[in-house]
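Participant: Go ahead and model the full structure; you've got the sequences and the hints to work with.
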Amino acid sequence: MIDFINFYLIPGITLGSIYALGAVGVSMIFGILRFAHFAHGDLMTVGAYAALTAVWVLGIPALAAIPFAIIVTCLAALLADRLFYRPLRDLPTIYTVIASFGVALILRSIVQTVWGTDSQVYMTGFQKPTIFFDTFRIATRHIQIILATAALTVALHYFLSRTRLGKSMRAVADDPDLAAVAGLDTERIIRWTWIIGAALAAIAGVFVGLDTDVHTNLGWNLLLPMFAAALLGGIGKPLGAIAGGLIIGIAEEACTYPFFGDTLIAPSYKSAVAFVIMVLILIYRPQGLFRGRLM
Amino acid sequence: MELPGIAFYIVAFLTMGGIYAILCLALNMQWGFGGLFNAGIAGFYAVGAYTAAILTSAGSSAHLGGFDLPIVVGLICAGIASGIVGWAIARICVRLKADYLAMASIGIAEIIRLAIVNEEWLTNGSLGISRIPRPLEAFYSGRAAEVVFVVFVWLIVAVTFLVARRLQQSPWGRVMRAIRDNEETAASIGKDVQRFRTETFVVGSVFMGVAGALSAHYFKFFSPDATEPLLITFLAWVMLIAGGSGNNLGAIAGALAIWAIWSLTEVVTQQLPPDWATRSSYIRMLLIGLLLQFVLQRFRSGLFPEKSPKLRISREK
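In order, the protein sequences belong to chains G and S.
The first sequence begins at 1 in the numbering used here and counts up by one.
The second sequence begins at 1001 in the numbering used here and counts up by one.
For the record, the hints were derived by calculation from the structure and aren't laboratory data.
Where a beta carbon is used, it is the ideal one built from N, C-alpha and C, also for glycine.
Hints may be right or wrong, so weigh each one.
Quick list of in silico lysine to any residue cross-link-like pairs, SDA-like style, CA-CA up to 25 Å [stated by the list, open to error]:
1) S/K1310 <-> S/L1127
2) S/K1097 <-> G/M1
3) G/K270 <-> G/A139
4) S/K1191 <-> G/A139
Far from chain S, by Cβ distances over 10 Å, these chain G residues were calculated [as the list claims (entries may be wrong)]:
5) I60
6) L63
7) I98
8) L147
9) A151
10) K167
11) A171
12) P176
13) L184
14) L239
Chain S stretches covered by chain G per the calculated footprint, using a threshold of three residues with CB under 8 Å from any CB of chain G [as the list claims (entries may be wrong)]:
15) 1110-1116
16) 1205-1214
17) 1281-1293
Facilitator: This is the structure in structure tokens:
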């Protein structure tokens, strides 16, 4: 049992936190702009590399480089929206999906051209895990990621339920026509959707780098679990996306635990778990666990 | 370059261009006819390639098969295998907005990739399958064999084109366009929207599998690293939109035009200083990404815009 917590549950929650932060953006963009944003993973990659540059140039730890990552990623997202998504806004949203597919490729090839394709790490050397009550061994980076995600979740909840901007976002996600009739400035809300989505994606990207390493496919590889998490939580429900991310992260790790003497699935098929969950949700409950929008 | 060299280059260009033309025609069935977004083209392509490789390669102890079957049998089975995968995914997703199918198709491509890498008994894992035959190999060799193969590829392109044109002009094609342009209206006159969408997705998947099979025969070797999945998916999309989605001729023209641009960028980036040479493939990707954005915004109907076939209704007096 202790082994399960130390080596499966905690890494699962860590992985889930990363999915959760990415899925919030996917869910909000799908809810407000109404399209599946295929470049979201590559925004994470941009964030991770921006932080890497700050770590190299300024010699600061990765966590301190997060503000830098956020600024670069937000600029990338706003620029992509201005140049590539906004001109297509009056067309059926599927055209924007295609455009975002292209933006994913553009972002990644820029990263590959500028930083090369070798894997990088924020810091070298072994970190000693912290031991609690003589039984729980938790890596410092896992504690940092989980606590930061918890704090961000609380902040996000406060933002969506208490601030005027957050409430407007929920209004647009629920019913865009009604929101427009009520006089909400849709373009401003879209801008803030990008800023929040990209900021969280940047943080998630840095966390991936902290947890494993920084490489150019980092974000694209996480796209599937992030989509699954957003669907599981219900489209347009950011807090649902966080729950979805955690569920998928924990499920992926738990499936490789030998519960009955043998592992449920081979570890190499771990990333299939997200797909299975996505398929089940699409078949039985396409609106998600928390009654999101069904587009 | 001497003349035979140039001719040889053109044959190689036309071979890959033809394989992409089939892929593009297949994507046109899904997107152009049905408005269905497939982001996992490479997955269907791989299913076809591996099915053909296993069935037609000479016997091997490293993986399942090879059964040494005729190439035509391999092509048909490749199409069927890929069609079954397409059917499964379409069943789940066609009732939802196109974005959901887009997300799920990424997933299916990922699962297929995982299975290919991990199921070594079936696919020989990352080592891949070798000794995949080409048609009429016993009779031709060297450059003649290349010419035979390009003819073979373009025969399949012609078959695919005729099937696609027949489908488009048939009553079935009219229903597909109606569903794509206005789902509610089509449903209100009693058309089974989900059934039609599933059908068009499956037919498209079948031909994607055939394109994959042809590439396996062309390379004579297939492994997970033999192709860049995202590149295939992406190029097929750029080709179709640039050529004209909904237009079969446009799909072929787009495939050749974009494949020419893609091949030319290779020639251009080879001229770059050595420091940049390693990065040239990323710069090519960047250019093709920008080209897609340009086409989407300025050139959406493509080289050959969609034209609805003339109605041939016999008017009774």
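Participant: For each hint given before, does the structure comply? Return the numbers of the non-compliant ones in rising order.
Facilitator: 1, 2, 4, 7 and 16
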